[in-house]
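Given these sequences and hints, build the entire structure.
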Amino acid sequence: MREVFAVSDIVLSLSSKPESFGRTVLEALRLGTPVVGYNHGGVGEILAAAYPAGLFELGGYGYAG
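Just so we're aligned, residue 8 is where the sequence shown starts under the working numbering, counting upward by one.
Hints listed in this document are in silico derivations from the structure and should not be mistaken for laboratory results.
You may find that some hints are simply not true.
Said to hold, decoys possible - Per label pair, the in silico range of CB-to-CB distance: (1) G66 - A13: 17 to 25 Å; (2) P59 - D16: 14 to 22 Å; (3) G66 - R9: 29 to 37 Å.
Glycine residues also receive a C-beta, built at the ideal position from the N, C-alpha and C atoms.
Right under this line is the structure:
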C-alpha cells in the first residue's frame with residue numbers, strides 16, 4: 008500500500024459502519040497523506056488525535072475547512 012499512498016493526494020475512509028481500528032488511516036497519515044473520514048469508531052479516534060481537519064460527521068455534508 009505504500010506505493011499507492013505515495014502517489015495519492017488524499018485517502019477517503021468513508022465506511023458508514025464504525026471500524027474498531029483504522030489501519031489504513033494510520034498507514035496513510037504515517038506517510039504524510041491527508042485522510043478524510045467519519046467521526047466514529049477507530050477512524051474517528053485516530054483522526055481526532057492526529058488530523059482533526061479530516062473529520063466529518065456521518066451523514067453530514069459540506070467540506071473540511
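So, going through the hints one by one against the coordinates:
1. G66 - A13: 17 to 25 Å: This hint is violated: roughly 32 Å between Cβ atoms.
2. P59 - D16: 14 to 22 Å: 19 Å, holds
3. G66 - R9: 29 to 37 Å: 32 Å, holds
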